[in-house]
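There are 2 protein chains.
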Amino acid sequence: MSQINVNFNNLNQFISDSDFANLQEKINLAHNDLHSKTGRGNDYLGWLDLPQNFPVDLMQRITEATERYRKLYDTFVVIGIGGSYLGAKAIIESLSTPFGEPKSEVIFAGHTLSSHYHSSLLEYLKTKNPAVVVISKSGTTTEPAIAFRLLKDFLRTNFPNDYKQRIMAITDSSKGTLRNFADMEGYTTFSIPDDVGGRFSVLTPVGLVPIALAGFEIAQLVEGAASLSVDTETDLEKNQIYKYAAARYLLHEQGKSMEILSYFEPRLSFFAEWWKQLFGESEGKENKGLFPASACFTTDLHSLGQYIQEGKRNFFETFLTVAEQPHSLKLKKEQFNTDKLNYLEGKSLDFVNQKAFEGTAEAHLEGNVPNLEIRLSHIDEFTLGQLIYFYEKAVAIGGYLLEVNPFDQPGVELYKKNMFRLLGKPS
Amino acid sequence: MSQINVNFNNLNQFISDSDFANLQEKINLAHNDLHSKTGRGNDYLGWLDLPQNFPVDLMQRITEATERYRKLYDTFVVIGIGGSYLGAKAIIESLSTPFGEPKSEVIFAGHTLSSHYHSSLLEYLKTKNPAVVVISKSGTTTEPAIAFRLLKDFLRTNFPNDYKQRIMAITDSSKGTLRNFADMEGYTTFSIPDDVGGRFSVLTPVGLVPIALAGFEIAQLVEGAASLSVDTETDLEKNQIYKYAAARYLLHEQGKSMEILSYFEPRLSFFAEWWKQLFGESEGKENKGLFPASACFTTDLHSLGQYIQEGKRNFFETFLTVAEQPHSLKLKKEQFNTDKLNYLEGKSLDFVNQKAFEGTAEAHLEGNVPNLEIRLSHIDEFTLGQLIYFYEKAVAIGGYLLEVNPFDQPGVELYKKNMFRLLGKPS
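Residue numbers (our numbering), protein chains in the order written: chain X, 386 to 812; chain W, 386 to 812.
It is worth saying that the hints were derived from the structure and are not from the lab.
Since we're looking at a predicted model, the values are computed, not measured.
One thing to keep in mind: the hints can contain errors.
It does not matter which identical chain is meant; a pair holds if it fits inside one copy or across any two.
Once the Cα atoms are required to be at most 30 Å apart in a straight line, the calculated DSS-like pairs of lysine-lysine come out as [stated by the list, open to error]:
(1) K802 / K673
(2) K715 / K732
(3) K513 / K488
(4) K549 / K513
For reference, chain X alone in the conformation it holds in the complex:
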């Protein structure tokens, strides 16, 4: 059963029933290309069936290794960039509380070239009992490779007797320099499947190992995704993933150039970052695609809100909302009603937040911004697993509708090529 419900009502004046119906045939073709693995980028469709076929022994190996690490060490530095960073960070932040000690500390590195960042990290680690997880398919991506040099050196200096046991590598199953080096050094290793691209890899060891190190239920994440992956309904009126993909495509065809993902829970902010990579990299090519932006409400109603309400009308908005919350702070009556809030006596903050969402959706519609709502029943591993799969499948179908390859990222190479030339890298 899906923990996700999509409400398309605020699109009614922009997309008619017949617009959707006319797209059904194209949706069927995209569905067939995807499931028969005959479409573009069909070498990278491993994510499609992996959740329902997730190898039991792999799940067990991850659980055992991460439990062992959690007993031995207190801080885990995860080295990765792009898909080797955003998925794990998204899930960990979505499931964590913002203040106080985490179950166990997971820190990310290798996603920036800042000295300031890495200097501060190395200083901090002197007070900790750390382990390192390096995630890189090739082992030669500049940012994570540099961070791994720094952290390997740190471990070798500070823990000369057992530093190799403190390193876990998640890399290619057989080729690549990191695989060879990890095997030579005797690190604990996990493999990145050949047929899963970086931005689709959160439900492989790439995401699951760091999430398990943070203390969360990775089996539930995979199960959530698996519960959606068995649905092969193609009727747009019955498959809300496809209807979301269809709505995005129709709005793109109408000339919209941006989708804003707006959410009302601050802990979803890195989930939005993960979404931005998934959609921006999958669709942003051949001068096509929707630029993925995000906003945290109500915070950003006092920032981007003005533009959304009255700026250029070239975007639409998708609200990501949550029905039930684990906490319920209620407002009390006060003797001096100076802030004029006594009318909210007995109401919870979440009730106010929900009304803020409803008022915002209505206001933005009035401002001529097409909008829709993706509503989660609550936030836990199972539901986030569903949401991951929801978006992965939506962007795959969306890419096929746009007639681009949703699984490549040719535009990421040019800055690297230029950088290597400027750095004088030997060819």
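Position chain W relative to chain X; hints supplied.
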């Protein structure tokens, strides 16, 4: 002397010298409207001269009050939303290290309606010796008013003897319910100038009190801003603030609908959020303006990079770079050159980061993305003060070029109106 240098070279193929020259007259008019205070929104121009005329006694009062608080308490919860939140957070994050204990802890609240966020905060504060700074001009803005109820209640319960001394209020100088209540309760108070709007208020007590509580040199911030505010040069070839405003306007006229602020230092991420409010709220009205987006590189080159390189061509990019860094991590030679990085032996991470920037600017130009660079000599209070003033003045001129009022935000009201109706607020 300006610590900021702007490089417009990568705009050459999009904006000609004569395009700039033809705009000079309009720039002169905007300049005159601004400095003679005859343009739209001229009730809100207090920020223009405040830095150079900053009252000595006010600076002293802020310094004394915040030093006293820093001796008495260890954690400061700052309650505010929009301009009463972003400016202080931007400066504090830009000047802090990401790991380890801060000089003193400043936490923000009242910028979200999430129960999860505030429950976690209240739980955390039980282990601390906290004080609260509430920032609201009226005292009735929903989000901060709710947070203030929760935190006032927390202090009253946990520190019954001295809870009033633990509260500081930054509010209107004479009217408004928070002013009355604060005076009645005997809180330490500071005033928000009548002629400075929220998003321009970081160099008033609104931003300066929290920044001083975090342990940074607020006098230097103001001095930095003041050093730019005395410049009244209008020639586009001599005033880089005006040339930046002109370039943005010309690109907007060419049909660009978005500016992406891309930076290479993660600690600038909230500076980018501050910038998004400043520009989005000032310009995004009457169906005009550039949507403000941001990207942290090289991180997001592995996320938004693909779209920027090859997606729709309806935006331009402004790089915010930093010449000198306080730390210098260098790469060492390794015995096994498995990551193929030995060619970088002796090079610093910042050198690599700089080459990544240069390679990116070149790649995006090749991808037909107009771009420019705003380069800071380094990051400190004085330089950030200059940068704040740089952007404030640029957006004021930019708003006048667009023929909108850069100092209002009429579109922020509608969601509130709807929310109040849905909450059943008595009229």
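Going down the list of hints, with the structure as the test:
1. For a Cα distance limit of 30 Å, the shortest separation of K802 from K673 inside one copy, 23 Å, qualifies, whereas the shortest one across copies, 37 Å, does not.
2. With identical chains, the CA atoms of K715 and K732 are at most 30 Å apart within one copy only, with a shortest distance of 5 Å there and 56 Å across copies.
3. Within a single copy, K513 and K488 get their C-alpha atoms as close as 15 Å, and across copies as close as 20 Å, so both meet the 30 Å cut-off.
4. In this homomeric assembly, K549 and K513 come within 30 Å of each other (Cα to Cα) only inside a single copy, at 17 Å, whereas the closest approach across copies is 39 Å.
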